[in-house]
Structure formats: structure tokens, C-alpha cells
Amino acid sequence: MTIEKKSIDITDRITGKFQEGQMKLFLEKEQIGQMISGAKGNEFELKNGYYFDNERFYQMADVTSQPDAKYVDCDYENGWC
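Yeah, the sequence shown ends on 82 if you go by the numbering used here, and it's all consecutive.
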């Protein structure tokens, strides 16, 4: 099993709430950043591990690229693995 970094598109899960004069951005209940209006248009300040690219929000996550072989032949009907 190897672990690698992967970008996950989370755009559909982002919500915005106007608080304290700013648009705060949330992924579920966690605040991940804020939107800032500037001369160049809207910009985003996001926590480490999140980024905005080509009109989409992404989260960097560790994912396993190959499952452990010892768990491949599970028999879930009979309850053993």
C-alpha cells in the first residue's frame, strides 16, 4: 500500500456565509477561508491544503493507491476477512 497526495474537487460542498463584513467559506462546518473582493475581481484566502483553480475548489488529501492484499479476498456474507 502506498499513500499519495491527490486533489479532490470539493466545489459542490462549499458554502459561503456573510459574517463580520466578509464572505466566509466553509466545507461542511469547518471554515476553510474567505472571499476577498479586489481590483482584479474576487480572490480567495484559503487554509493550507485547499486551493482554487479554474473556477473550482480543491482539497489536497492523502489517498491509498493500492489496497492491502490481505484484505482483498473478504467473504462478507460469512463474516470473515
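Misleading hints may appear alongside valid ones.
[What the hints assert, rightly or not] Straight line, CA to CA, 25 Å or less: simulated DSS-like cross-link-like pairs of lysine-lysine: (1) Lys-41 to Lys-7; (2) Lys-25 to Lys-41; (3) Lys-30 to Lys-18; (4) Lys-25 to Lys-48; (5) Lys-6 to Lys-41; (6) Lys-41 to Lys-30; (7) Lys-30 to Lys-6; (8) Lys-48 to Lys-18; (9) Lys-48 to Lys-7; (10) Lys-7 to Lys-30.
It is worth saying that the hints were derived from the structure and are not from the lab. Note that the structure is a prediction, hence the values are computed from the model and not measured.
Okay, the hints, checked on the actual structure:
Under the criterion of a C-alpha separation no larger than 25 Å, the hint pairing Lys-41 with Lys-7 is inconsistent with the structure, at around 29 Å. Our distance criterion of 25 Å between C-alpha atoms is met by Lys-25 and Lys-41, whose separation comes to about 19 Å. Using a Cα cut-off of 25 Å, the hinted pair Lys-30 and Lys-18 holds, with the two alpha carbons roughly 11 Å apart. Under the criterion of a C-alpha separation no larger than 25 Å, the hint pairing Lys-25 with Lys-48 is consistent with the structure, at around 12 Å.
A hinted pair counts as satisfied when its Cα atoms are at most 25 Å apart, and Lys-6 with Lys-41 does not qualify at roughly 31 Å. Annotation: proposed proximity of Lys-41 to Lys-30 is violated, straight-line Cα distance about 29 Å (limit 25 Å). Proximity of Lys-30 to Lys-6 is assessed by CA-CA distance (about 23 Å); at most 25 Å being required, the pair is judged to hold. Taking the CA atoms of Lys-48 and Lys-18, the gap is near 16 Å; set against the 25 Å cutoff, the hint holds.
A distance of roughly 17 Å separates the Cα atoms of Lys-48 and Lys-7; the hinted pair therefore holds under the 25 Å criterion. Of the pairs offered as hints, the one joining Lys-7 and Lys-30 holds, with about 22 Å between alpha carbons and a cut-off of 25 Å not exceeded.
Of the numbered hints given earlier, the model fails hints 1, 5, 6; all others are met.
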